[in-house]
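Protein chains in written order, with the UniProt record's numbering: chain P, 1 to 768; chain R, 1 to 417.
None of these hints come from the bench; they were simulated from the model.
Note that the structure is a prediction, hence the values are computed from the model and not measured.
Where a beta carbon is used, it is the ideal one built from N, C-alpha and C, also for glycine.
Keep in mind that a hint or two might mislead.
To be verified - Counterexamples of contact, computed for chain P against chain R with all Cβ distances above 10 Å:
| id | residue |
| --- | --- |
| 1 | Glu116 |
| 2 | Asp351 |
| 3 | Pro374 |
| 4 | Glu591 |
| 5 | Arg749 |
| 6 | Val763 |
To be verified - Computed from the model, here is a short list of chain R residues facing chain P with C-beta under 7 Å:
| id | residue |
| --- | --- |
| 7 | Pro76 |
| 8 | Val94 |
| 9 | Gln231 |
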Amino acid sequence: MSSATTPPDSDPSQRRRVHSMLKHYYGLNEEGKVTEQAESLDPCDINGPHFDPEVYLNKLRMECSLGELMDHESCMVKQIRSLDSDMQTLVYENYNKFISATDTIRKMKNDFKKMEDEMDCLSANMAAITEFSAHISGTLQDQHAQITKLSGVHTLLRKLQFLFELPARLNKCLELQAYAQAVSAHRRARCVLQQYSHMPSFRGIQDDCHVIMEQLAQQLRQKFRDGGSSAKDLSECVELLLQLDEPAEELCDKFLSHAHSSTTNPFLSPTAGTDILEFIDRGCNEFVSSLCLVIASYQELFINRPQEGELASKNIPEMANGKLHVFVDTLAARYFSLVERRIQEEKGVSDNSLLVRALDRFHRRLQAISKLLPGSAVPSQGTEIVVRAARERIKQYLSALQTFYHDSLTDVRQALAAPRHKDATPSLPELLTSLSNFILNQLKSVLASVHLFTAKDITFSNKPYFKGEFCSQGVREGLVVSFIKFICQSSRQYCESAGDRGGSTPPALLLLLSRLCLDYETSTISYILTLTDEQFLVQHHTPVTPVTALCAEAREAAQKLLNHYVKVQGLIISQMLRKSVETRDWVNTIEPRNVRAVMKRVVEDTTSIDVQVGLLYEEGVRKAHSSDSSKRTFSVYSSSRQQIRYAPSYTPSAPMDTNLLSNIHKLFSERIDIFSPVEFNKVSVLTGIIKISLKTFLECVRLRTFGRYGLQQIQVDCHYLQMYLWRFVSDENLVHFLLDEIVGSAAHRCLDPSPMEQSVIEVICERG
Amino acid sequence: MKMEDDAPVIYGLEFQARALTAQTAETDAIRFLVGTQSLKFDNQIHIIDFDDENNMINKSVLLHDAGEIWHISGSPADKAVLTTCYSKTSESRVLTCAAVWRMPPEWESGNHESPDDSSNNPQTLELLCHLDNTAHGSVACVLWEPMGDGKRLISLAENHVLLWDLQESSTKAKISSTATLEGKGQLKFTTGKWSPHHNSTQLATANDTAIRGWDLRSMSQIYCIENAHGQLVRDLDFNPNKQYYLASCGDDCKVKFWDVRHINEPVKCLEEHSHWLDKEIHSNTHHHCTRSLKMCTYTTGQILVWSVRYNHSHDQLLLTGSSDSRVILSNMVSISSEPFGHLVDDDDLSDNEESQQEDKGKEPLQDSIIATYEEHEDSVYAVEWSVADPWLFASLSYDGRLVINRVPRALKYRILL
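Could you put together the complete structure from these sequences and hints?
Pasting the structure below:
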């Protein structure tokens with residue numbers, strides 16, 4: 001409670017305080033709502049609503065001293081006075097405001113009365129205006145209709161004027177070559193002219209227009225046909241012609257035939273003498289690019305243009321697309337045939353990279369067509385050509401390898417035929433290694449060349465053919481396996497035809513080839529195939545020839561060659577022996593003084609064969625020899641067996657004993673297999689040769705009749721052979737057995753079998 | 001189809017022998033003639049009768065005291081008449097002569113009753129006539145006209161072909177024509193064969209490595225296969241059913257088959273080298289292979305093949321005898337006159353459905369070795385089919401062992417059915 005009493009308007013804050021207090025008193029808060037406040041429940045709060053004067057007074061009386069009560073009383077009086085004055089001020093203020101409001105309302109009442117009068121006046125005026133306006137428009141109606149009609153006539157007249165002027169205008173356009181304007185003008189007039197063509201005047205115009213437009217079309221066609229114009233001109237030309245109802249098909253045809261001549265002309269000239277890369281480059285640059293251009297512009301003209309109006313209904317794109325495909329296909333076919341012919345001419349196998357690059361370029365450029373013309377068969381045909389070329393290439397490489405192999409063999413032959421004494425002549429092992437290396441290197445270089453087809457940067461290398469079939473069927477089977485088979489095959493051929501039909505395969509070559517095939521079997525084949533598989537990452541989708549089969553084939557070829565070698569060499573020696581037995585008169589021969597020269601020759605030849613075989617094949621196993629084989633066995637054979645064999649001559653009274661004894665002997669003697677398979681070692685080879693030779697010797701002896709000295713000569717010869725041949729064979733008993741048989745047979749066939757003293761034989765043989 | 005085959009029958013001669021023939025005119029009994037070779041003793045001709053039912057041999061011995069026998073051949077018309085080539089030694093000169101002989105009429109009855117006596121008291125052959133060759137040198141062989149009347153003979157003496165006519169009951173031989181092989185060096189026929197085809201007007205001879213054909217009407221050479229074998233040609237035989245086909249064998253260990261119209265290459269060649277691959281190729285491509293006369297090789301495993309004989313009735317059956325003391329029976333279906341690969345006419349089998357079914361079950365016969373016979377212990381110089389029984393054959397080795405064998409039953413029935 002402020003003690004200071006201030007005039008009501010003196011301070012706004014003061015007034016507001018008073019307001020709020022009043023408000024408070026009446027239970028209104030700021031928002032004018034009655035709120036109940038907790039603190040106001042105190043009956044002692046003098047400003048609260050629940051103030052109880054009795055309680056308050058009692059309280060004061062109990063609590064305060066007199067002085068205080070006095071003070072309190074005076075203070076209370078002061079407050080009451082100020083409140084009273086405040087209330088008087090408020091009442092005064094409100095009264096004043098009420099008075100002024102009453103005055104204002106009275107004044108307004110007067111004003112409204114005046115305004116009502118004016119509004120009445122206005123509505124009267126408006127009614128008059130409306131009436132007037134209706135009157136005026138009624139009068140003007142007729143004239144307006146006339147004006148509308150006149151303006152219609154005016155338009156018509158202008159159209160007519162356009163029509164009448166049309167021929168002239170068209171002519172003008174024709175002169176100026178403003179074809180587009182002419183066509184649009186004519187198009188505008190066409191319908192009208194068509195509609196009114198029954199009227200002579202219009203017909204005249206129409207005819208004129210026709211003539212002119214015909215002329216125009218003619219000019220356009222001419223322009224189109226000349227083709228010298230730019231693509232844009234051409235396109236405009238086509239568009240105009242289409243608008244002139246020119247049949248689209250004809251246009252397509254004309255366009256394509258024009259394109260045809262322009263595309264093919266430069267390329268179709270025969271191009272000999274250029275290398276393949278250059279050729280393909282020319283093909284790509286001249287043919288494929290211009291073909292692409294043609295396709296692009298054609299599509300621009302006929303296919304991709306927006307179709308409007310009546311043209312849309314004709315379905316030009318479909319028709320045009322069909323024509324384009326046919327066109328491209330025919331051209332591509334010519335191009336392909338040309339390319340293929342050129343590729344076929346590519347026979348030299350020296351540099352494959354050129355061909356591969358050419359094919360790559362060829363293939364790459366065709367991709368452009370596939371982009372331009374989706375669904376065209378051309379790129380896939382191109383791929384096929386590449387595939388065919390690759391196949392062909394493999395074949396060429398195979399035949400090149402074969403030729404190379406033959407040439408190498410011819411070289412080897414010549415080296416073998418060259419005189420022995422020259423130091424420069426390479427020995428058999430050297431020839432073998434060099435031949436083997438030559439072949440391997442050649443094969444490797446061929447593989448490297450073929451490998452170019454599958455290089456990463458070559459576009460067609462990721463085609464399924466080059467990933468799969470090319471590697472497995474082409475390179476592995478078609479090239480490597482075929483070549484190995486070819487080697488085996490050609491080796492076998494040496495065994496078949498040559499030798500007995502006057503063929504002249506040197507035996508050394510047979511031996512060399514046999515070793516080569518054997519080496520192939522043991523290592524080379526698996527090496528080559530592993531190399532191929534690794535290089536080409538061959539994935540075997542289709543069954544391929546297993547290494548084992550090839551090895552078996554090579555081994556068989558080796559065996560066959562070695563067998564043939566044995567036979568050829570054996571036959572050469574046999575032949576010598578046979579002639580020596582056949583040509584001599586064994587009955588009337590003189591007492592032997594020497595070993596016959598042919599026997600020495602046989603031993604010499606056998607020795608040289610031994611050396612030759614030893615160069616390429618390992619020694620092999622032989623049965624253990626006695627300390628001095630030649631001596632010991634000889635004595636056995638001469639003393640014991642021969643004595644038995646000769647029994648009939650000494651006991652002529654008992655003819656049956658001969659066979660009995662010899663049969664008994666045979667029964668107990670080890671049966672020797674005359675023909676056992678030749679193994680891959682020196683001893684086995686020599687055994688085979690000696691067996692054949694001695695067997696022939698035996699058979700020839702059995703066909704002759706001997707005199708005493710004839711038998712003795714055979715004895716000497718056999719002893720000589722005995723001395724030298726045992727060392728070559730695996731089982732010396734074989735030689736003994738056969739020589740025994742020979743001497744025995746000679747004794748049988750002898751008219752006067754009195755054998756020579758063993759000691760004499762030895763002396764003669766030792767003398768040489 | 002397991003069948004027991006009869007065991008081979010073995011007969012031992014006392015002497016060495018290389019001459020064997022079937023008695024050509026005898027078509028009832030199975031009979032072979034063997035000539036011995038001995039320089040010291042009287043030579044013999046053993047008449048071997050084979051008793052098929054009891055699997056037994058009956059032998060008779062006739063003395064041939066003229067010399068050791070190199071070749072023997074029976075008359076096609078008279079079973080008692082035969083020729084031998086024998087060597088005669090006189091004044092340290094050995095000459096091989098030829099003669100026509102007649103067996104004594106009693107040998108058959110007499111010997112059968114008392115076989116023990118035969119060795120003690122052998123009867124002697126009756127000499128009909130000599131084929132006098134003193135002017136022409138040693139005779140390699142004597143050939144009778146096949147299926148003839150027993151009056152025409154050919155002897156091959158050194159480099160001469162002599163055609164003889166037998167007159168006056170074969171007691172006189174007269175040379176009707178001759179041909180001589182001219183050339184460098186000492187040419188000498190080793191063997192020959194009179195072709196049963198073309199009305200018996202052709203002859204094939206072998207000298208060294210060449211095979212020659214002769215026309216007997218003009219006595220001139222009609223073909224010559226030079227270098228038919230790598231070495232000496234030892235024997236020849238004509239296919240009895242295919243007139244242009246000829247088999248030959250020789251020292252190069254091969255047996256070759258020739259079509260004398262195409263002499264540049266043999267039709268087929270058998271040799272000793274490994275044959276597995278060839279066999280494989282063969283089974284895959286035999287139709288093209290054999291029809292186109294492509295040369296195919298085959299193994300027999302033999303060396304120095306001395307004798308080759310076609311079966312008289314079934315020409316796919318072929319016998320060879322060789323130095324390795326083996327006899328090999330081969331079945332050369334692909335070049336025989338039999339339909340190859342079962343190209344059997346339906347008519348033949350239409351009345352026998354079952355056998356047809358059975359046939360289809362079998363795989364077609366391939367060229368193959370049927371059997372190797374190893375009963376011999378010395379070189380086999382002669383093999384012969386029996387005239388009377390086409391499934392039976394004899395082989396003779398140098399040590400005097402004669403072995404009689406039969407075609408395996410399984411094969412026999414396969415061929416017959």
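- [ ] Examine each Cβ of chain R, and state whether all of them lie more than 10 Å from the Cβ of P/Val763.
- [x] At about 27 Å from chain R, P/Val763 clears the 10 Å cut-off, so the statement holds.
- [ ] Closer than 7 Å between Cβ atoms is the bar; does R/Val94 clear it against chain P? Give me holds or violated.
- [x] holds (5 Å)
Open item on the list: Would the non-interface assignment of P/Arg749 survive a Cβ cutoff of 10 Å against chain R?
Closed with: Given a closest Cβ separation of 7 Å, the condition is violated.
- [ ] Beyond 10 Å from every chain R Cβ: check whether that's true for P/Glu591.
- [x] holds (14 Å)
Task: Hint validity - R/Gln231 Cβ closer than 7 Å to any chain P Cβ - done: Interface hint status for R/Gln231: holds (6 Å vs cutoff 7 Å).
Open item on the list: Checking a non-interface call: every C-beta of chain R should be farther than 10 Å from the C-beta of P/Glu116. Is that right?
Closed with: At about 133 Å from chain R, P/Glu116 clears the 10 Å cut-off, so the statement holds.
- [ ] Answer holds if the nearest beta-carbon of chain P is closer than 7 Å to that of R/Pro76; otherwise answer violated.
- [x] With a minimum Cβ separation of about 28 Å from chain P (threshold 7 Å), the hint on R/Pro76 is violated.
Task: 10 Å Cβ clearance of P/Pro374 from chain R - done: Per Cβ check, P/Pro374 is outside 10 Å of chain R; nearest 48 Å; holds.
Open item on the list: At 10 Å, judged by beta carbons, does P/Asp351 keep clear of chain R as stated?
Closed with: Holds: least Cβ distance 38 Å, greater than 10 Å.
The earlier numbered hints that this structure contradicts are 5, 7.
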